[in-house]
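K.L.:
Sequence:
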Amino acid sequence: MTQQEERRNESARPAEAAAEGAADGRRRLEDFAEARTEIWDCLQDANRVLMERMQQEAALTAELASKLTASRSISETTTVLKDWTSKHIEMTTEDSRRLFSDAQQMFSAGARLWSNAAHAPSPEAAGRLMS
1 MTQQEERRNE
11 SARPAEAAAE
21 GAADGRRRLE
31 DFAEARTEIW
41 DCLQDANRVL
51 MERMQQEAAL
61 TAELASKLTA
71 SRSISETTTV
81 LKDWTSKHIE
91 MTTEDSRRLF
101 SDAQQMFSAG
111 ARLWSNAAHA
121 PSPEAAGRLM
131 S
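Read in order, the letters of the sequence shown correspond to residues 1 to 131 in our numbering.
Hints were generated in silico from the structure; no laboratory data involved.
The beta carbon of each residue, even a glycine, is placed where N, CA and C say it ideally should be.
Mixed in with the good hints there might be a few duds.
Under the rule of at most 20 Å between Cα atoms (straight-line distance), these lysine to any residue pairs were calculated in the SDA-like manner [to be verified]:
| hint | residue 1 | residue 2 |
| --- | --- | --- |
| 1 | Lys-87 | Leu-99 |
| 2 | Lys-87 | Ser-71 |
| 3 | Lys-87 | Ala-58 |
| 4 | Lys-82 | Gln-56 |
Label pairs and their computed distance ranges (CB to CB) [as the list claims (entries may be wrong)]:
| hint | residue 1 | residue 2 | range |
| --- | --- | --- | --- |
| 5 | Asn-47 | His-88 | 34 to 44 Å |
| 6 | Glu-90 | Leu-68 | 11 to 21 Å |
| 7 | Glu-90 | Glu-34 | 51 to 61 Å |
| 8 | Thr-93 | Gln-44 | 15 to 25 Å |
| 9 | Lys-87 | Glu-20 | 56 to 66 Å |
| 10 | Arg-13 | Asp-102 | 15 to 25 Å |
| 11 | Thr-79 | Leu-29 | 54 to 64 Å |
| 12 | Ala-23 | Ser-108 | 53 to 63 Å |
| 13 | Asn-47 | Trp-114 | 47 to 57 Å |
| 14 | Ala-19 | Glu-94 | 26 to 36 Å |
| 15 | Asn-47 | Thr-78 | 51 to 61 Å |
| 16 | Thr-79 | Thr-37 | 41 to 51 Å |
| 17 | Lys-67 | Ser-108 | 51 to 61 Å |
| 18 | Leu-29 | Asp-83 | 48 to 58 Å |
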């Protein structure tokens, strides 16, 4: 190999390393944007579900007040309260499941985000960047 060919090869190495670094940076940025979007979508969905749940609880409470006002005996009142409590516990259970599901989605997206950020360039790529 001539000296001229060696110089061309040496000058091509930094350009290759820079292109590889730019491609790696682009991939990381895309991964970050994807994880951020996933977390944001999950938060928006959770907010929508929470607002719907608040409306359902308000309707359930209004129904309770109406039924309690209309009840004529202690046994009727007890039945109304028992039904309301059962529905309320069911709704709370659904809320808990939803909360854990949403949290798991957000933690998974966050973990992917941090694991992608923690990847260091390979030793070969680092060596090319240093030379």
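K.L.:
Please go over all the hints and tell whether each is borne out by the structure.
P.N.:
Results for each hint:
Between Lys-87 and Leu-99 the alpha-carbon distance is near 18 Å, which keeps this suggested pair within the 20 Å criterion. With a C-alpha separation of about 18 Å, the suggested pairing of Lys-87 with Ser-71 holds against the 20 Å cut-off. Note on Lys-87 and Ala-58: the hinted pairing holds, with a Cα-Cα distance of about 13 Å set against a maximum of 20 Å. Between the alpha carbons of Lys-82 and Gln-56 the distance comes to roughly 18 Å, so the proposed pair stays at or under 20 Å and holds.
Checked against the hint of 34 to 44 Å, the pair Asn-47 and His-88 fails, with Cβ atoms roughly 22 Å apart. A beta carbon spacing of about 19 Å between Glu-90 and Leu-68 agrees with the range 11 to 21 Å that was offered as a hint. Between Glu-90 and Glu-34 the C-beta distance comes to about 36 Å, which lies outside the given range of 51 to 61 Å. Thr-93 and Gln-44 have their C-beta atoms about 23 Å apart, which keeps the hinted 15 to 25 Å range intact.
For the pair Lys-87 and Glu-20, the beta carbons lie near 59 Å from each other, so the given range of 56 to 66 Å is met. Distance hint check: the CB atoms of Arg-13 and Asp-102 are about 48 Å apart, inconsistent with the given range 15 to 25 Å. Checked against the given bound of 54 to 64 Å, the beta carbons of Thr-79 and Leu-29, roughly 60 Å apart, stay inside it. For the pair Ala-23 and Ser-108, the supplied restraint of 53 to 63 Å is violated, since their beta-carbon distance comes to about 25 Å.
A hinted range of 47 to 57 Å is violated for the C-beta pair Asn-47 and Trp-114, which are about 24 Å apart. Checked against the given bound of 26 to 36 Å, the beta carbons of Ala-19 and Glu-94, roughly 51 Å apart, lie outside it. For Asn-47 paired with Thr-78, a C-beta distance near 37 Å fails the hint of 51 to 61 Å. Between Thr-79 and Thr-37 the Cβ separation comes to about 48 Å, which falls inside the hinted range of 41 to 51 Å.
For the pair Lys-67 and Ser-108, the beta carbons lie near 43 Å from each other, so the given range of 51 to 61 Å is not met. Remark: the range hint 48 to 58 Å for Leu-29 to Asp-83 is upheld by a beta-carbon distance near 54 Å.
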